[in-house]
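**Student:** Chain V is already provided as a structure; the job is to place chain E on it using the hints.
Number of protein chains: 2
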Amino acid sequence: MENQEINQIIKSWEAQNKAISEIFNQYDDKFYLNEVAPGRNRGIYLLGHLIGMNDFLLPMLDLGDKIYPELEPIFVTSPDKAVADIPSIAELRQNWLNLNHILSEHFTKMTSNDWLSRHTKVSEEDFAKDPSRNKLNVLIGRIGHMNYHRGQLVFLTPKVN
Amino acid sequence: MENQEINQIIKSWEAQNKAISEIFNQYDDKFYLNEVAPGRNRGIYLLGHLIGMNDFLLPMLDLGDKIYPELEPIFVTSPDKAVADIPSIAELRQNWLNLNHILSEHFTKMTSNDWLSRHTKVSEEDFAKDPSRNKLNVLIGRIGHMNYHRGQLVFLTPKVN
Numbered sequence: 000m001e002n003q004e005i006n007q008i009i010k011s012w013e014a015q016n017k018a019i020s021e022i023f024n025q026y027d028d029k030f031y032l033n034e035v036a037p038g039r040n041r042g043i044y045l046l047g048h049l050i051g052m053n054d055f056l057l058p059m060l061d062l063g064d065k066i067y068p069e070l071e072p073i074f075v076t077s078p079d080k081a082v083a084d085i086p087s088i089a090e091l092r093q094n095w096l097n098l099n100h101i102l103s104e105h106f107t108k109m110t111s112n113d114w115l116s117r118h119t120k121v122s123e124e125d126f127a128k129d130p131s132r133n134k135l136n137v138l139i140g141r142i143g144h145m146n147y148h149r150g151q152l153v154f155l156t157p158k159v160n
Numbered sequence: 000m001e002n003q004e005i006n007q008i009i010k011s012w013e014a015q016n017k018a019i020s021e022i023f024n025q026y027d028d029k030f031y032l033n034e035v036a037p038g039r040n041r042g043i044y045l046l047g048h049l050i051g052m053n054d055f056l057l058p059m060l061d062l063g064d065k066i067y068p069e070l071e072p073i074f075v076t077s078p079d080k081a082v083a084d085i086p087s088i089a090e091l092r093q094n095w096l097n098l099n100h101i102l103s104e105h106f107t108k109m110t111s112n113d114w115l116s117r118h119t120k121v122s123e124e125d126f127a128k129d130p131s132r133n134k135l136n137v138l139i140g141r142i143g144h145m146n147y148h149r150g151q152l153v154f155l156t157p158k159v160n
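So the protein lines, in turn, are chains V and E. For what it's worth, numbering that gives the first Met the number 0 labels the leading residue of the first sequence as 0, then goes sequentially. For what it's worth, numbering that gives the first Met the number 0 labels the leading residue of the second sequence as 0, then goes sequentially.
Hints were generated in silico from the structure; no laboratory data involved. Yeah, the Cβ is synthetic: ideal placement off N, Cα and C, and Gly gets one too. Do not take every clue at face value.
With a Cα cut of at most 16 Å, we get these calculated EDC-like pairs of lysine to aspartate or glutamate [as the list claims (entries may be wrong)]: (1) V:Lys10 x E:Asp129; (2) E:Lys158 x V:Asp79; (3) E:Lys158 x V:Glu34; (4) E:Lys134 x E:Asp113; (5) V:Lys158 x E:Asp79; (6) V:Lys10 x V:Glu104; (7) V:Lys158 x E:Glu34.
Just a sample of chain V residues kept apart from chain E, beta carbon distances all over 12 Å, derived [claimed, not checked]: (8) Lys29; (9) Gly63; (10) Lys158.
For reference, chain V alone in the conformation it holds in the complex (with noise of 0.2 Å):
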């Protein structure tokens, strides 16, 4: 892999997820079943959530089945405090190192090529008409969807902006 543009997206998106680990390692387990703010997601929720959307990086990219199908009717399609039962954080703080790990392993073998092919859920002929509906946007996509959700998750923390 030797596409610059491509490594830096790459690279982008293993600083979100860092910087993600190091919200969720701040403090003990309990603080993330605070809210970020009044009535909106708790910090738990929010993490389940990353993990069942970027879960489906691998399917989209064309890398496998999900990982952990059983956080996606809590944590994507539900909104938070629908379910009662839920992983503990410790068990989702495992299983969110765990992908982004399995999925930079994935990434570090894709090709150019393999980047500005379509993803699965866009059909061939949908694909001809708007080439830019690759696997690199999916990822783009992703990326952009930490980012949205660290600005809350920074919230938990007092008087951080």
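**Tutor:** Leaving out everything else, chain E in the frame of chain V:
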């Protein structure tokens, strides 16, 4: 400009601009004097902050001087509410659109080589050591910054997570 990867990053930049414009076109001006969460930045501050930060792209990408340098001491180097006399939402909304327009115009003229060349705040020596400290990386960072604060701005609206 025929580099697919760079084009997609620019598209992502434009999508963020648009999403943030939509947030600030949704309500009457007074609404944006609300804090995004108790004790956090007001909507108006975050708009000024996003303009102030994006304005840095002009000097950093070697495209000229900042257009709104007067916003920096209010919205970048000072926290919210530290400066009493600030521009109105109407004025900031115009600055935002104008700045984005100017930047987008510049971006269409930049070549791949321009994007992969060093940004103005890194020395030639440091750039030689780490060629990822280029103009493209500055743009990737700014897209992340917009996503981050957009995640906070949605809290202005009741019930949207």
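**Student:** Next step is simple, just say for each hint if it's right about the structure.
**Tutor:** So, going through the hints one by one against the coordinates:
no.	hint	result
1	V:Lys10 x E:Asp129	holds (13 Å)
2	E:Lys158 x V:Asp79	holds (12 Å)
3	E:Lys158 x V:Glu34	holds (13 Å)
4	E:Lys134 x E:Asp113	holds (7 Å)
5	V:Lys158 x E:Asp79	holds (12 Å)
6	V:Lys10 x V:Glu104	holds (13 Å)
7	V:Lys158 x E:Glu34	holds (13 Å)
8	Lys29	holds (21 Å)
9	Gly63	holds (24 Å)
10	Lys158	violated (8 Å)
In this structure, only the earlier hint numbered 10 is contradicted, and the remaining ones agree with it.
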